[in-house]
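Fit chain B to the given chain A structure using the hints.
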Amino acid sequence: QLQLQESGPGLVKPSETLSLTCTVSGDSISSSSYYWGWLRQPPGKGLEWIASIYYSGSTYYNASLRSRVTISQDTSRNEFSLDLRSVAAADTAVYYCARIHSVHGYGDSFDCWGQGTLVTVSS
Amino acid sequence: QSALTQPASVSGSPGQSITISCTGTSSDVGSYNFVSWYQQHPSKAPKLMIYEDRKRPSGVSDRFSGSKSGNTASLTISGLQAEDEADYYCCAYAGSGIFYVFGTGTKVTVL
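So the protein sequences, as listed, match chains A and B.
So the first sequence is numbered by the working numbering: it starts at 399 and just counts up by one.
So the second sequence is numbered by the working numbering: it starts at 51 and just counts up by one.
Here chain A stands alone, though its shape is the one from the complex:
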């Protein structure tokens, strides 16, 4: 059974870097059938896609966050990670990792999600 689990600090200071890891079990992130990605949801607000990575190592970023975000993968650990630099209070959110179903090379839907982790940006 596929499971995704986010891990990382729950509190980050303003201007520092938010780093999260998603550990995948029940599937391989080296599969060509899927992308893997990060999304977030500020308290009481809607969902926002942040970034995705393909097994080949190709990366894709939300244009509004591109200058501050890096997504990477460690296939030996079956994990992928997110770094968000220079955080501010507006980055406070529940961060989710997810598997992205791929059809004809397009990632078309987020078909399995981690439980999410709340990250608060505060001094």
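Possibly wrong hints are sitting among the right ones.
As the list claims (entries may be wrong) - Just a few of them, taken from the derived set where beta-carbon distance is under 7 angstroms, the chain A residues facing chain B: (1) P441; (2) L445; (3) W447; (4) D506; (5) D509; (6) Q513; (7) G514.
Unchecked claim - Below 35 angstroms or equal to it, Euclidean Cα-Cα: the simulated DSBU-like pairs (lysine-lysine) are: (8) B:K118 - A:K411; (9) B:K118 - B:K97; (10) B:K157 - B:K118; (11) A:K411 - A:K443; (12) B:K118 - A:K443; (13) B:K94 - A:K411; (14) B:K105 - B:K94; (15) B:K157 - B:K94; (16) A:K443 - B:K97; (17) A:K411 - B:K157; (18) B:K105 - A:K411; (19) B:K118 - B:K105; (20) A:K443 - B:K94; (21) B:K105 - A:K443; (22) B:K118 - B:K94; (23) B:K157 - B:K97; (24) B:K157 - B:K105.
Just so you know, these hints were derived from the structure itself, not from any lab.
Predicted model, so just to flag it, every value in this text is computed and none were measured.
Backbone N, C-alpha and C define an ideal beta-carbon position, used for all residues, glycine too.
What follows is chain B alone, placed relative to chain A:
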């Protein structure tokens, strides 16, 4: 890139059918057959309910159905049940550069 437009709330009585609309543009909803819908209960992760406009993942009740016409996608819940009370989000793939645009979200209330 603006969020897709959804009604803030929709309600219905048990057994009724409701429809949630999701309006975008020719660059997102109208461009690809890649609209998906997510159900989110309070403090829970979203769950995929519909993908590729109208396909249902294994295990999702056939009371949920998706459709699309032009730049507007719709999610219909038939035979409304108490457990359907949740927030629902649409999402559209918008091509390289933008990639994914989410809807504003709709709160479904079962009266």
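* Is it true that the CA of A:K443 sits at most 35 angstroms from the CA of B:K94? -> holds, 14 angstroms
* Asked: Holds or violated: is there a CB of chain B closer than 7 angstroms to the CB of A:L445?
  -> The hint holds - A:L445 has a Cβ within 7 angstroms of chain B, the shortest such distance being about 5 angstroms.
* Holds or violated: is the Cβ of A:G514 closer than 7 angstroms to a Cβ in chain B? -> holds, 5 angstroms
* Hint status (Cβ of A:W447 to nearest Cβ of chain B, threshold 7 angstroms) -> With Cβ-Cβ at 4 angstroms, under 7 angstroms, it holds.
* **Status of the hint placing A:Q513 at chain B (closest C-beta pair under 7 angstroms)** => holds, 6 angstroms
* Holds or violated: are the alpha carbons of B:K118 and A:K411 at most 35 angstroms from each other? -> Distance of about 44 angstroms is beyond 35 angstroms: violated.
* Pair hint outcome, B:K157 versus B:K97 [Cα-Cα no greater than 35 angstroms] -> Holds, at roughly 15 angstroms.
* Asked: When you check the alpha-carbon spacing of B:K118 and A:K443, does it fall within 35 angstroms?
  -> holds, 25 angstroms
* **Hinted pair B:K157 and B:K105, Cα distance within 35 angstroms** => holds, 22 angstroms
* Hinted pair B:K105 and A:K443, Cα distance within 35 angstroms -> holds, 27 angstroms
* Asked: Does the interface hint hold: is A:D506 within less than 7 angstroms of chain B, judged Cβ to Cβ?
  -> holds, 4 angstroms
* For the pair supplied as a hint, B:K105 and A:K411, confirm whether the alpha-carbon distance does not exceed 35 angstroms. => Violated, at roughly 43 angstroms.
The earlier numbered hints that this structure contradicts are 1, 8, 18.
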